[in-house]
Amino acid sequence: MIERKFVAQKIKELQIEEFISEKMKNIGHSGTKMQKTPLGEKIVIYASRPGLVVGKKGQNIRELTKILKEKFNLENPQIEISEVENIDLDANIVAEKIADSIERFGTSKFKAIGHKVMSSVMGAGALGIEILISGKIPSSRAKRWRFYTGYLKKCGDIALTGVLTAQKKATIKTGTVGIQVKIMPPDIELPDRIKLKKEIEEVVEEVKEEPKKKRSKTKDKPEKEEETEDILKEIEEIEDDQN
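The sequence shown stops at residue 243 when you use the working numbering, and every number in between is there.
Because the hints were derived from the structure by calculation, they are not lab data. Hints are not guaranteed to be accurate.
[What the hints assert, rightly or not] Pairs of lysine-lysine, PhoX-like flavour, derived with a Cα cap of 20 Å:
hint, residue 1, residue 2
1, K12, K33
2, K69, K23
3, K25, K5
4, K111, K69
5, K169, K116
6, K195, K233
7, K23, K5
8, K169, K25
9, K57, K111
10, K5, K36
11, K173, K143
12, K153, K111
13, K23, K56
[Claimed, not checked] Now the in silico label distances, taken between C-beta atoms and shown as ranges:
hint, residue 1, residue 2, range
14, K10, E70, 38 to 48 Å
15, S120, D187, 28 to 38 Å
16, K36, K154, 31 to 41 Å
Cβ coordinates follow ideal geometry from the N, Cα and C atoms, glycine included.
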């Protein structure tokens, strides 16, 4: 019974995330996080443009709160908006940007869109990026185009947990175009990365012995003169005695 409650709760959270993602389409929605608090359910919405999410005088937030109460039976949903710091390193926002550009400019400029997005992501400091665009572009036959640059992990734990992945779709006249974006963030820790430690050079200072000070001749002179005077006096006294 407890397992069923957990599964039902997770399904409900996933449905809420999908609903909010569809509701916040084309306004820079990155993701949604749901937390349980004593006062009710706390829903954190990450977006690149919080002003569009809030709406004029908080109108969008009030409408969203009302829908969540009625559709998902939430007692007291508290919605919080959090701004994404670097939008070029967020896979969801990058994929949404590509989908919006394809819908706006058409499939004739999809190569320019892909290369421009790659350069902006790598300029933000990403280690690598891969963009897959699938659909009837540029002809009537479906193809898959791949844009990639940098270093990107494809397997292992880092590929599952560290690489940011997002999928979006763009609707055009010829059909639906699928977009997949993978970004390798700059702050990821790779197990095969080698860090070189700088060698600290120990500088040993040689202690030089100070040369012994030579006795100055000027000091020795008076002593010698005194000795000679004493000797001369003794000689004179001896001569006087003899005389």
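Verification of the supplied hints:
no.	hint	verdict
1	K12 - K33	holds (12 Å)
2	K69 - K23	holds (15 Å)
3	K25 - K5	violated (30 Å)
4	K111 - K69	violated (43 Å)
5	K169 - K116	holds (19 Å)
6	K195 - K233	violated (89 Å)
7	K23 - K5	violated (27 Å)
8	K169 - K25	holds (11 Å)
9	K57 - K111	violated (40 Å)
10	K5 - K36	holds (14 Å)
11	K173 - K143	holds (16 Å)
12	K153 - K111	violated (24 Å)
13	K23 - K56	holds (16 Å)
14	K10 - E70: 38 to 48 Å	violated (21 Å)
15	S120 - D187: 28 to 38 Å	violated (18 Å)
16	K36 - K154: 31 to 41 Å	holds (36 Å)
Comparing the model with each numbered hint stated earlier shows that hints 3, 4, 6, 7, 9, 12, 14, 15 do not hold.
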